[in-house]
Amino acid sequence: MKRRRQTREVNYIQPIKQEMRQTIRVGGSFKDRLIVCYLAHIQALLDSLLRLAESRFNSIMTIAVLSITISLASGFQLLVNNLKQFNVSLQDSSQISLFLKDGVSEARANKVAEEIRHNDAIQQVNIISKEQGLKEFKTYSGFGDAINVLKSNPLPIVIQVFPKSNLDKDQLENLVQEFQQSVDIDLAQMDMLWVERLQSMMAVANDSLHLLDTLLGIAVLFIAGNTIRLEMQTRRDEIIIAKLVGATDGFIQRPFLYTGFWMGFIAGIVAWFTVTVMMAILWQSVEPLAQLYGGEFHLIFFDFLDTFKLIFLSAALGVFGSWLVLCYQLRYTIPE
Amino acid sequence: MLKFETVTKRYPESGEVLRDVSFHLEKGEIAFLTGHSGAGKSTLLKLIAVMERCTRGKIWLDGQDLSGAKASQLPYFRRKMGFIYQDYKLLQNRTVYDNIALPLVIAGLGHHEISRKVKAALDKVSLSGKERKYPIALSGGEQQRVGIARALVNKPPLIIADEPTGNLDPELAMEIMRLFASFQQVGVTVLIASHDISLITKMNHRVLKLDHGQLVSG
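Each protein sequence line maps, in turn, to chains L and F.
Counting the first sequence from 1 gives a position; my numbering is that position plus 49.
Counting the second sequence from 1 gives a position; my numbering is that position plus 514.
Bound conformation, chain L alone:
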């Protein structure tokens, strides 16, 4: 049985393969065929753009929906990227404040600081004297006048310790314990809790972002696919005629795939502008906050690679969504 089927296949496949080769060969030399193929693609590319321009209202609607979807996905991505800066700057600046006991003299404080400086885990040590502390407090706390009333300086000497950035949480905590045992130190404080909270919030935000991006990506596929489906319905006769005169599925798909490409491509560009403008508006309200962080916070916009990725991905999704629908619909497009 199997053998018989094989013989039957050989009977018709051989000649048809020859036929395919002949058909391909009609165009002439390899160079000629390449030129014909290249021109056909250029024509399909321009034709599909022209078609989008002709049905302007429909195109604008579709591209608007696509670009809003893409803006949402890329906008959130950009927002999270911006927020990550806080995280990084906090991680870098994990610092331990050592509040010295009241009776400790400046000389003693210097000695303690010197000892700490010899520790391998420490990157930098600063001493904030009582006077310096008072001055800073006056400037930043807003209680300047109230402090002026005080006769003596109530502030202790503070040693700021900057551990090396490669230390993990346990090592940092051990370090704090060590400092706490010192007789000169009243309080060793490292506020890690809110850094941890922020970090876990960022992790949640990151995961949610991936889920959201996946969902919005699927939405883009469906929007592009549905538009192509409608386009195929209006051009049904054309598809059938092309099929009847021997067009391959690839030939029929080509203009539709280019339509999908243009929709995604244009929507990607529009989304880029939308997000950029929105970030610029947001910057107005973020700027004062950023200044509180001593200029460490800068608004991140799309760089060249991000822009390329955004536009490439949306064009690719446009093509892919169209292709999925084409594969399904072409099979069922036959004359009545």
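Hints in this document: simulated from the structure, not taken from any laboratory.
The structure displayed is predicted, hence computed values, not measured ones.
Quick list of the computed label-pair ranges, beta carbon to beta carbon:
| # | chain 1 | residue 1 | chain 2 | residue 2 | range |
| --- | --- | --- | --- | --- | --- |
| 1 | F | R630 | L | S104 | 29 to 37 Å |
| 2 | F | R630 | L | Q92 | 17 to 25 Å |
| 3 | L | R278 | F | E530 | 31 to 39 Å |
Using N, Cα and C, we set each Cβ at its ideal position, and we do this for glycine too.
Chain L is fixed; fit chain F onto it per the hints.
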């Protein structure tokens, strides 16, 4: 050239539309396909175009099994046939030139070759000078001739015509028939589905008559 071997087509909703149809058209043969409406003519033509698959039996085109061909091979089979329809099936938003050039564009021919072949085809159907017009600007007869030019531009070995003279005056119809007859000399096989009994008798060619899905003569 075209061979039907006990071909049956059954639709779930309307039952057997064609039953055990067998015939063989030789290379260069001209035949009429006739029968009352609903006799199965359109179904038979659809089976040749492989727009539908037969339920039983086999169809051979030029020695190759058309009924068992894979979907990916169908376009190459269809390039061996030229179809002419009663409703012309022209692209209304393309010029006469573009309509006729379509099979050549699909086959991947170069610009010059397409231009040369389209001009020759237009010449054959006496439509020279109308290549820049849109189908809507042409009369029914002229549109039909555009359809004929498109079917023969690629010089296929088999031409299938569905009521090709339905919209033509008797004189023009006769002219088109003579055109088909001229293909015979270059070995083109022609199958014409038609109601026009007087024309069929005048032409004196083989007649395949369908009656309720069965071939009763031919």
